[in-house]
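Engineer: Sequence:
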Amino acid sequence: MNDAVFQTIQALVDKNPVMLFMKGDKQFPQCGFSARVVQILSHIGVEFETENVLENPAIRQGIKDFSQWPTIPQLYVKGEFIGGCDIVTDMYQSGELESLLVEKGLLKNAE
Numbered sequence: 001m002n003d004a005v006f007q008t009i010q011a012l013v014d015k016n017p018v019m020l021f022m023k024g025d026k027q028f029p030q031c032g033f034s035a036r037v038v039q040i041l042s043h044i045g046v047e048f049e050t051e052n053v054l055e056n057p058a059i060r061q062g063i064k065d066f067s068q069w070p071t072i073p074q075l076y077v078k079g080e081f082i083g084g085c086d087i088v089t090d091m092y093q094s095g096e097l098e099s100l101l102v103e104k105g106l107l108k109n110a111e
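To convert, note that position 53 of the sequence shown is 53 in UniProt numbering; the numbers rise steadily by one, no gaps.
In case anyone wonders, no lab produced these hints; they're calculated from the structure.
None of the hints are false.
With a Cα cut of at most 20 Å, we get these calculated EDC-like pairs of lysine to aspartate or glutamate:
| id | residue 1 | residue 2 |
| --- | --- | --- |
| 1 | 15 | 47 |
| 2 | 78 | 65 |
| 3 | 78 | 103 |
| 4 | 15 | 3 |
| 5 | 78 | 47 |
| 6 | 64 | 25 |
| 7 | 104 | 49 |
| 8 | 15 | 80 |
| 9 | 23 | 86 |
| 10 | 23 | 65 |
| 11 | 64 | 80 |
| 12 | 108 | 47 |
| 13 | 104 | 47 |
| 14 | 64 | 3 |
| 15 | 26 | 55 |
| 16 | 15 | 49 |
| 17 | 104 | 14 |
| 18 | 23 | 55 |
Build out the structure end to end from the sequences listed, making use of the hints.
Structural biologist: Have a look at this one:
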């Protein structure tokens with residue numbers, strides 16, 4: 001991955017407290033796994049931004065190199081790589097995702 005791609009990805013992760021690299025965007029996900037993560041984040045009620053990797057092949061490959069994770073979607077919270085669809089789904093079902101977002105100050109505690 002070249003420096004420009006790395007810097008672009010790093011800037012997106014740094015600028016957006018909840019950043020999802022996905023196929024499509026939150027209004028029009030273009031794969032089932034990306035749609036699932038959008039659905040989870042929307043249901044929780046956290047604000048998030050997306051980057052459509054289908055629009056930029058360098059970002060599509062670069063995000064995999066950046067995280068050393070082979071699949072998309074990829075979720076970042078406050079600069080930390082959380083995981084892909086399976087991990088996000090498991091964290092959501094266990095309540096761990098909401099707890100993380102509350103802990104990071106991105107979501108009010110629902111209790």
